[in-house]
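Student: Spelled out from the first residue to the last, the chains are:
Number of protein chains: 2
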Amino acid sequence: MNMKADIINPFLEATISVLKTMAHVDPVPGKAYIKQGSASKGDVSGIVGITGDTEGSLSITFSGGCILHIVGQMFGEKLDMINDEIKDAVGELTNMISGDSRRRLEEIGYHFLGAVPTVISGPGHEVRHITKGPILSIPFETPGGHFVVEVCFK
Amino acid sequence: MNMKADIINPFLEATISVLKTMAHVDPVPGKAYIKQGSASKGDVSGIVGITGDTEGSLSITFSGGCILHIVGQMFGEKLDMINDEIKDAVGELTNMISGDSRRRLEEIGYHFLGAVPTVISGPGHEVRHITKGPILSIPFETPGGHFVVEVCFK
Chain A
1 MNMKADIINP FLEATISVLK TMAHVDPVPG KAYIKQGSAS KGDVSGIVGI TGDTEGSLSI
61 TFSGGCILHI VGQMFGEKLD MINDEIKDAV GELTNMISGD SRRRLEEIGY HFLGAVPTVI
121 SGPGHEVRHI TKGPILSIPF ETPGGHFVVE VCFK
Chain B
155 MNMKADIINP FLEATISVLK TMAHVDPVPG KAYIKQGSAS KGDVSGIVGI TGDTEGSLSI
215 TFSGGCILHI VGQMFGEKLD MINDEIKDAV GELTNMISGD SRRRLEEIGY HFLGAVPTVI
275 SGPGHEVRHI TKGPILSIPF ETPGGHFVVE VCFK
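Same order as they appear, the protein sequences are chains A and B.
Numbering of the first sequence is given in the working numbering, commencing with residue 1 and proceeding in unit increments.
Numbering of the second sequence is given in the working numbering, commencing with residue 155 and proceeding in unit increments.
Any given hint could turn out to be false.
Claimed, not checked - Which chain A residues face chain B? A few, computed with CB under 7 Å, are given here: (1) 12; (2) 54; (3) 55; (4) 113; (5) 115; (6) 116; (7) 124; (8) 127.
What the hints assert, rightly or not - Calculated Cβ distances over 10 Å to all of chain B for the following chain A residues: (9) 16; (10) 78; (11) 80.
Read the hints as simulated data drawn from the structure, not as lab findings.
Beta carbons: idealized from backbone N, C-alpha and C, even for Gly.
Please work from the sequences and hints to get the whole structure.
Tutor: The structure is reproduced here in structure tokens:
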């Protein structure tokens, strides 16, 4: 699968749509780019495997401040600690962004299935997709801080 | 999918077989058990999504000493730092353990596909499978330290 421009939009739009709907947060996307072999760092990540037309993986890596802001908006309260409720919310958001992306990809002719998401937490952990192929990276800003959506396909 | 005893063995046997073949390490399994909702902690993890008869996820979470020992055995040299080569090796081991497990599951009538693995690194990070269902946890010991294989299905 080529990392064509037409596959960037489904992930970009799904991310914005899910965060707007679920958390009333309007994330501001930076410039999406294709990178090779490097990794992203954050404090909480949602990861979900993809199969179908080809195999892949999707990760969403949040800074601590960013995810406290987003989940605080979801719950309607000010949060200051990354607890189990926040990790579960990251799993739910990851599932929804993965599902909405795949629905949008379906509309342009790609068929994918999503696996069960995993949530990673730990200050400054690194997420590395194991592929020789390109990795699509879309950075976002929120009032609480930044996060990045990364997608790779075989 | 029920967490029946017959699905524990494919993951147990695949893990032992891959580490023996690739790294000449004989991991000693502890008692496998089914847990609900808790998480495991480690320093390097390989994660891979599963689809097919049902969706799931597989994680292998290593202590730092354990993965330095295993990859040191693979490379035939003494390693003392978790670098990019070690992370790539964890991706490769995860892929092979996932593939060998799925081949063994196929033999008893289950059909699964594996996604692209992701490798997480960061001291004491936590891995949490986002499922309401049970999680199969198989602890292992090696001369370098412990690791745990966790599998969940929807």
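Student: With chain B as the partner, please determine if residue 127 of chain A meets the hint condition of a C-beta pair closer than 7 Å.
Tutor: Nearest chain B Cβ about 6 Å off; hint holds.
Student: Hey, does residue 16 of chain A actually stay past 10 Å from chain B on C-beta?
Tutor: About 22 Å separates residue 16 of chain A from the closest Cβ of chain B, which puts it past 10 Å; holds.
Student: Once the shortest beta carbon distance from residue 12 of chain A to chain B is found, is it less than 7 Å?
Tutor: violated, 20 Å
Student: Minimum Cβ distance from residue 124 of chain A to chain B below 7 Å?
Tutor: holds, 6 Å
Student: Check the non-interface label on residue 78 of chain A: least C-beta distance to chain B beyond 10 Å or not.
Tutor: The claim holds: residue 78 of chain A sits with its nearest Cβ about 23 Å from chain B, beyond 10 Å.
Student: With a cut-off of 7 Å, does the beta carbon of residue 113 of chain A approach a beta carbon of chain B closely enough for the hint to hold?
Tutor: holds, 4 Å
Student: Would you settle whether the hint for residue 115 of chain A is holds or violated, based on the nearest Cβ-Cβ distance to chain B being less than 7 Å?
Tutor: holds, 3 Å
Student: Would the hint on residue 55 of chain A stand, with a C-beta cut-off of 7 Å toward chain B?
Tutor: The hint holds - residue 55 of chain A has a Cβ within 7 Å of chain B, the shortest such distance being about 5 Å.
Student: Hint validation: residue 116 of chain A versus chain B, beta carbon distance must be below 7 Å. Holds or violated?
Tutor: Interface hint status for residue 116 of chain A: holds (4 Å vs cutoff 7 Å).
Student: Can we keep the residue 54 of chain A interface hint, with Cβ of chain B closer than 7 Å?
Tutor: violated, 9 Å
Student: May I ask you to check that residue 80 of chain A keeps its beta-carbon over 10 Å from the closest beta-carbon of chain B?
Tutor: With a cut-off of 10 Å, residue 80 of chain A remains clear of chain B, as the shortest Cβ separation is near 19 Å.
Hints 1, 2 from the earlier list are contradicted by this structure; the remaining hints agree with it.
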